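Asker: Read top to bottom, the protein sequences are chains A and B.
The numbering of the first sequence is this note's numbering, which starts it at 1 and goes up by one.
The numbering of the second sequence is this note's numbering, which starts it at 774 and goes up by one.
Note that these hints are calculated values from the structure, not bench results.
Predicted, not measured: the structure shown is a model, and the values here were computed from it.
Residues from chain A that face chain B, not an exhaustive set, calculated with beta carbons under 7 Å: (1) HIS17; (2) GLY229; (3) ASP626; (4) PRO685; (5) SER686; (6) ARG698; (7) PHE700.
All C-beta atoms in this analysis are idealised placements derived from N, C-alpha and C, irrespective of residue type, glycine included.
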Amino acid sequence: MTVAVHKPHPHDSAPLHVSGKARYTDDIPAPAGTLHLAFGLSPAARGRIRRLDLAPVRAAEGVVAVLGADDLPRPVDLSPAHAGDEPLLATGTVHYLGQPLFLVVATSHLAARRAARLAGIDIAGEKPVLTIDDAIAAGTDLEPPLEWRKGDAEAAIAAAPHRVRGRIEVGGQEHFYLEGHAALALPLEDGGMEIHASTQHPTEIQHKVAEALGLPMSWVRVSVRRMGGGFGGKESQGSALAVACAIAAWKTGRPCRMRYDRDDDMIITGKRHEIRIDYEAGFDADGRLLGVRFAHFLRCGWSTDLSLPVADRAMLHADNAYHLPHVTIRSRRLRTNTQSNTAFRGFGGPQGMMGIERVIQHVAATLGKDPLEVRRVNLYRPMAAVAAGEAAQTTPYGQPVEDSIIDALVDRLAREARYAERRAAIARWNAGSPVIKRGIALTPVKFGISFTLTHLNQAGALVHLYQDGSIRINHGGTEMGQGLNMKVAQVAAEAFSVPVEAVRITTTDTARVPNTSATAASSGSDLNGMAVKAACETIRARLTRFLAERHQCPEEVVRFSEGRVHVGTNVLTLAEAARAAHEARISLSSTGFYATPKIHWDRTRGQGRPFFYFAYGAAVSEVAIDPLTGETRILRVDVLHDVGRSLNPAIDIGQIEGGFVQGAGWLTMEELAWDERGRLLTHAPSTYKIPVASDRPRIFNVALWDGENREPTIYRSKAVGEPPFMLAISVHQAIAEAVAAAAGVPFVALDAPATPERIALAVRNARAGENAP
Amino acid sequence: MTRPLRFLLNGSPVSLAEAPAQRTLLDWLREERRLTGTKEGCNEGDCGACTVMISDPQPEGGHRWQVRNACILLLPMLHGRAVRTVEGLGEGGAFHPVQEELVRHHGSQCGFCTPGIAVALAAAHADGRRDFDTALAGNLCRCTGYASIIRAAEAAAEAPAPGWVKEDLARLDDLAAPGPLTGPGWIAHDDVDAFAAWYRDHPEARLVAGATDVGLWVTKKLMDITPVAFLHRLKRLKRVEVTTTHITFGALAPIEALRVRLAEDAPQLGAFLSRFGSEQVRAAGTVGGNIANASPIGDSLPLLIALGATLRLRRSETRREMPLEDFFLDYGVQDRKSGEFVEAVTLPRPRAAEGRLVRAWKISKRRDQDISAVAGAFDFVIANGTVSTARIAFGGMAATPRRARATEAALVGRPWTEATIRAAGEALAEDFTPISDMRASARYRMEAARGLLERLWHESRGTGPIEIDRVLEEAAR
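Starting from the given sequences, assemble the full structure and let the hints guide the process.
Answerer: See the structure below:
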């Protein structure tokens, strides 16, 4: 029996959230005299700056200082990849419309915003590279194309009895964290700097601020209490604000704060990568995939940012849950004169999966089969079979899949959601419905857990046990709503066998836990939970040794259980034990550390074991479409998802529900648009639509798979942040089924997002006989 | 000496000697009052993170609560009202029931949208409402997927409301003395005749009713909107008058009143108008404002035009009337003289009658709180299998909301058949040359408009489910 883990504790900040007391970066009271910052933005997507007249900006009311690139203490490269291609302020040339050109420091947020619009800007414009086609034509690859091969896909396809080829285009996605980017810099007496930022990566902010000011990292302290959503958008792209605040604070000696107005946030920061996937597949009469070729084209935006690992992860999920005996995956990472696309929940994985799921749908339509049948014959060999001695099948990158439960999970979901019965009923219903058509689809998810940059898979923690038995934990992870702090507190409470309320959760702070990785890749509780557990166990071991000595008994009889410390027949409270240990001069504070075992990875060869384990899940979605107008509704969704042995089932279900709806938004209504000059037209919630309450599935059954992680993760749980996002691919597939039914054809090549327009025109085109590209 | 601006904030009286015309309630709360629970999410009234409850004086007397976006609510608009922010939802140290249940049902994740959601749900709770999807249409959450929030709302529905819900409203009558209120560059009359005379003499003034659009000129264009006349105190213009044959909406009747009133005569029109903005926007936006603003994508306009609405304009004591469709001359150009303002709009009641087919539909990327790609409204009479009357108007198809006269001509007098509908669909190309923008392409706009004509035909035949939302409702049962 556990006292704290595996229990549905509410989010530790929930009472603060609902009462408005929870403080976000821009809510932190700042000292009198705090200055406010805004960037002046490039009005052109590409070109040379001929003239930048900042005099009108300087003359504006409330302006204290205006900094151009030449006014910075030293050149600043914000690139998280150290690519040297991301200056804080444009130097000489501009690379996208919205790129920061200069920095306004003023007495109020509004004064800074007003002044930022007053510059005289003359840019010798060049024709921008905006689309994937533009970039292919211009050859703007960030690095040479990457190609991974397993077996001989070309020969396998050529020899296969059936073949399909096609293309799918999948649009990007704005993060739309409800709290925009924000930062606050407080200059210290000795030249040091204290930063509060809404960031998933405090250490990177610390690093970039130190570099910008020429300080050792130890002189910069970054804290994050919480973010109002991150989703990957605050992994790298918060550096600009924090560095700007630090430089302005250093220049003026006054505290400086900055928040992006929503439109600025959307115009300045990057989004999920848009992708084009060309595919060719050879298969047998059962739909078994014999050979597959993929060509990925990713629109990366103006700078490198995290695009290379994002594109890698798209390749790493080109198989999703299916064994591909012969496969070639080629990937081009294309620079464009648009916002620099960045991390976003799934980090390329969702894009990669869209390719193989399209292949499956295409194969099924070609054979006249239910796509689920085709999925089933291609799923990876089950864990049970591997345990019984059959060889594990390997991924395209050579990692054996030893923990697959996807076949049993899909079976159970199909049964409980009555997939087959409903699919038949839908076909009947469609035949009798003059206008509206329905569709249903079941899609699986297999998502690799670990940062593919192996060294990031580490975490530190610092735990204090006080004399009164209260516990304060510090770890390197950041809280963005995912409930990480609660999960980690549950781990600490479990270690000492005390109620979770006895554990105090604190601000993430680079001065307490150094050299942290971004809270990303779904890894937060896996890494930080283990680090906190290690720290707790160190303290517990010291207490155990001390109590055993004091009571003259073997260490084995010292037990922490049911909220007490048992020493043989003696029972102490944790407070009594702590006080006694303190008086005996035993340290009650410890660091903890964790490094994920077993993983190694060679990204150029595409070989290794990049992932410690896989998380699995599947969803059945049923939709309706109106072919006359292209409008859609999600009628019902059933999810069965694998989180191992859940650390907190309530939080995990929240991640699944939220991830699903966010994924459904990506694939249906969320559409980014730029004009021919490279101006983002969808730069506010009035024009960029994320799901609202009525878009959620009205019938939304979410269940957790009953199992535990095969690998020794924290209490055998599995990561949950990203994998459920991809369950929403079932919505897109169900829509495509309904579109095909409306058009009276077996298959329609539906791109994403499946907006009403795309659906209505797909139906019309398919009826007119124009289908796949 | 101007009189102070007075209102109740979380139950405590506030008196402001100076209230700039473009100071938003959101900035004032966060910067002056350090009430940082109300969040800035978008600063344009589209995300709901800044949702507050405010009292709304009713034309027939008394006050009711409504939800509004504090980011586009300008301080002078608060005079004589009660305001409740998230900090004021609870009572006596206890949470409001919706706060309690949001915690219990895991209704918050990152928590940034949560204050706005709690306020929106508290407002629905005050009215005993259970239509939570509608109540939350103006509140974005990016984390939860909403399911847990809806579970919380349902769990809180039966719990008693805190006392302030009634008590605040009973304290308002003495708060604001009658007479015009002024501030730097602005005036807020409470008498229509006085306002009409004033506006004749100050035709350069900008008129602000609900500020759902003007608010963005302040927060996004950073415009100086003065001189400005705030109209919200002209209670007489909020009236809705109903006769056996007609309904007259005062210019300041909120869109929500339009929705409620038309739904009584024609429920489908109520469903159409429930997709006009969000709860917050329908409470703030007015019938007259939507007309005077004259946007080609103002959702009430095609409906009012199709129903044959008559517009009444007033300049001082002079009034004139015209068919609403004649008011819209071109993009941004209306038939409105200097010093003239929209006073009321009158329309024949859209009641069911033998052969009458009244429908309005909106097409947008998202069902709720989106801007139309196309909105179409239809008022047809089919007699003996023949189209005897056809009034059609579209938004989003031209520079102004407009009648589809060629299409109407292709229908009237013709047999009500699929062939006629197709011919009418072809005629749409004579009426409209729509544009392509980020919402839709020209081709899709035309196809979707034709699709709506076809939908109307299917509707009239009553064969199978035609409206996708009905399919959704049936599936959810």
